[in-house]
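Asks: Residue numbers (this note's numbering), protein chains in the order written: chain A, 1 to 255; chain B, 256 to 470; chain C, 471 to 687.
These aren't lab readings, by the way, just hints derived from the structure by calculation. The reader is advised that the hints may include incorrect statements.
Here are the simulated BS3-like cross-link-like pairs (lysine-lysine), alpha carbons at most 30 Å apart as the crow flies [claimed, not checked]: (1) 81(A) to 555(C); (2) 592(C) to 518(C); (3) 242(A) to 167(A); (4) 592(C) to 76(A); (5) 555(C) to 438(B); (6) 72(A) to 123(A); (7) 532(C) to 267(B); (8) 592(C) to 167(A).
Below, a sample of chain C positions facing chain A; criterion: calculated Cβ distance under 10 Å [unchecked claim]: (9) 594; (10) 600; (11) 609; (12) 677.
For each label pair, taking beta carbons as the anchor points, the in silico distance ranges come out as [claimed, not checked]: (13) 260(B) to 522(C): 48 to 56 Å; (14) 679(C) to 463(B): 30 to 38 Å; (15) 122(A) to 449(B): 56 to 64 Å.
All of these numbers come straight from a predicted model, not from anything done at the bench. For glycine and all other residues, C-beta sits at the position ideal for the given N, C-alpha and C.
Here is how the chains run, residue by residue.
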Amino acid sequence: MEPIVSYQDVTKTYGDLKVLQDIDFNIYPGEKVALIGPSGSGKTTLARLLMTLERPDSGTIKVNGENLWQEKVNGKLVKAKEKHLHEMRKNIGMVFQHFYLFPHMNVLNNVTEAPTTVLGLSKEEAEQQAVEMLEKVGLSDKLDDYPSQLSGGQKQRVAIARALVMKPNIMLFDEPTSALDPELVGEVLDVIKEIASEDDMTMLLITHEMEFAREIADRIAFFNDGVIAEQGEPDELMNHPKTPRLQSFLSRVNS
Amino acid sequence: MSTFKIFVSLIKVGLKVTLEVTFFAVILALLLGFVFGLARMSKFKVIRFIAGVYIEVFRGTSLLVQLFWIYFALPILGIRLSALTTGILAIGLNYGAYCSEIVRTAIQNVPTGQTEAGIALNMTKTQRMTKIIIPQAFVMMLPNLGNQLIELLKSTSLVSMITLTDLTYQANILNSATFETTKVYTMLLVIYFIIALPLSKGMKLLEAKVSEGRA
Amino acid sequence: MWNWKYAFSILPKILSALKITIGATFVAFLLALVLGLILSVLVRSKVKIVSLVVRGFSQFIKTTPLLVQLYFIFYVFPKIGISLKPFTAGVLGLGVHYSTYLSEVFRSGIESVPAGQWEVAKALNFSRSQTWMKIILPQVIPPIIPVIGNYLITMFKETPQLSAITLVEILQTAKILGASSFRYLEGFTIVGIIFLLLSYPSSQLIKKLESRLRTEN
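Sequences are here, hints too, so could you generate the full structure?
Replies: Shown next, in the form of structure tokens:
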């Protein structure tokens, strides 16, 4: 099977810090991959490079076999222009740690804005799809509320609906529950679990919720110091960590 | 007439007056700014009211109107001032009103905890003001006062309209005499820009110096 | 001293010139808004030359007197073929001068929009202009309305400078009347009062707007 996302020799440096070092990583269609590891290990950067929020310093990222950051012009590979990136982004959606809802729009409009503006859907069509999606995340009674009136868990669920309504086939979750009060984490994880139960959705989940990762992931990758130190099946990885780094990480996290 | 000759002529005749007006108006504005800024926070309603009237009248009416009023209308009430005095007085009064608001908000923005600490240490109001509040407020005021300084410099060009021989007045004279309109007014703009540069640089240095060692 | 009969006789003439003052204020303000917004976007340009030129231009205009800029537009522009009427030249000068101030206001407003908004807009595949129009500007504008309102009032008080390029607004009207009657007291006092009557309530309104915006947050 061809990978749906493929990182080849990807490097990213911030100043003196090598955040990602020659990363080779594949994600297969329909796979749910969880990225775990200490802060600053590069997991978020990996997701941001895919979402075109940052450019890799070297290496290639391919989505559906097509080069993300480069395009073919007159037979030569050149730096990708916005038009190409725009085209590639259609397949990818992202949910952020701090939600980033649009404060000047109510919940319904937060979810309909991108479909109408970016996809060109009519207001009615967009609203219909938005309402469906908001029902799915359990917020159909909050359509007229503004983000400032919602709890953290509700905000994140709206953010998830907003990303999903664009119908990406690759969803990135960057620590979706890390900014939430503990009692609100569950409602968001339930929504993510539902999405994971859909076979054709490819998911990249960056999280500190170990049990949850074990539950929904097909594969877990452990990041440390800019490299993938270990990866494998959830139970195998978490019960029998092979590298000392992962062993100490898991013991710290589980204490 | 060459550009350089124009430049020199403008400076020779007009610079002194422009700098004079700027200098004395700044002093007046700062003085009034502190006096009325503090007055605006007085516990006496009458003093607050009088300060308020001064501030609103001089902020609310246009500087050029104030200039004309002092120069043309005041004589009718018996007070005839020279153009130079008028310029300094009007600009000083006008900017004093703006400065007093800057002073007042800076003082009010010093955290109340500072005042409370002073009270707990048994300091008198004056001591608290001079040792704790104003030094901290001063740092906060500087950027805004610096902006006012540049605005004040620019506003001195208005004294040309009451026939005071500043840079702008001299430029108008030169223009009538030589018809080198483009050179004259371009040089005029450049000269004002050149004067403003050390002023804002100086203010930035002052700001940096006063905030030495602070977070 | 003060002559009430004379004061009332010149009031109508001064008030009729008020149209010019207010008209010039509003047109210049509109120009300042549009140009200020354009400048604040251009100054963020990734093309270094553009942002440098824009920054330099704004700095130069902001640091030099409006009066001299008015003279420049009115007397120097004709030398390169652009002859403008006093009203047009005045509005252009006033508008461009204050666009440099407004662009600062817009710039700080834009910078206070959280970076996450830009990122999520990109993730949702909004184009650059869609991001500006639908996401960023709607968040920038409401908080800066009081500041911009204050600049409107400031520009209003600067209009008398336009008399230097022969625009007959209210101060110039009072001056002309005073010159022929040798009575300056009433005219200039009336003009001062008109400015005060219009600007003071306006600034109080803006203060109220500001405090309401602050409590809403």
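Asks: Look at each hint and say if it fits the structure.
Replies: Each hint tested on the structure:
1. 81(A) to 555(C): Answer violated: residue 81(A) to residue 555(C) is near 47 Å, above 30 Å.
2. 592(C) to 518(C): 23 Å, holds
3. 242(A) to 167(A): 38 Å, violated
4. 592(C) to 76(A): With Cα atoms ~27 Å apart, residue 592(C) and residue 76(A) stay inside 30 Å; holds.
5. 555(C) to 438(B): 22 Å, holds
6. 72(A) to 123(A): Measuring from Cα to Cα gives roughly 36 Å; hence the hint is violated.
7. 532(C) to 267(B): 25 Å, holds
8. 592(C) to 167(A): Within the cut-off at roughly 15 Å; holds.
9. 594: 4 Å, holds
10. 600: 5 Å, holds
11. 609: It holds, given that the least Cβ distance between residue 609(C) and chain A is near 6 Å, below 10 Å.
12. 677: Violated, about 24 Å.
13. 260(B) to 522(C): 48 to 56 Å: 32 Å, violated
14. 679(C) to 463(B): 30 to 38 Å: 35 Å, holds
15. 122(A) to 449(B): 56 to 64 Å: For residue 449(B) against residue 122(A), whose Cβ atoms are near 60 Å apart, the range 56 to 64 Å holds.
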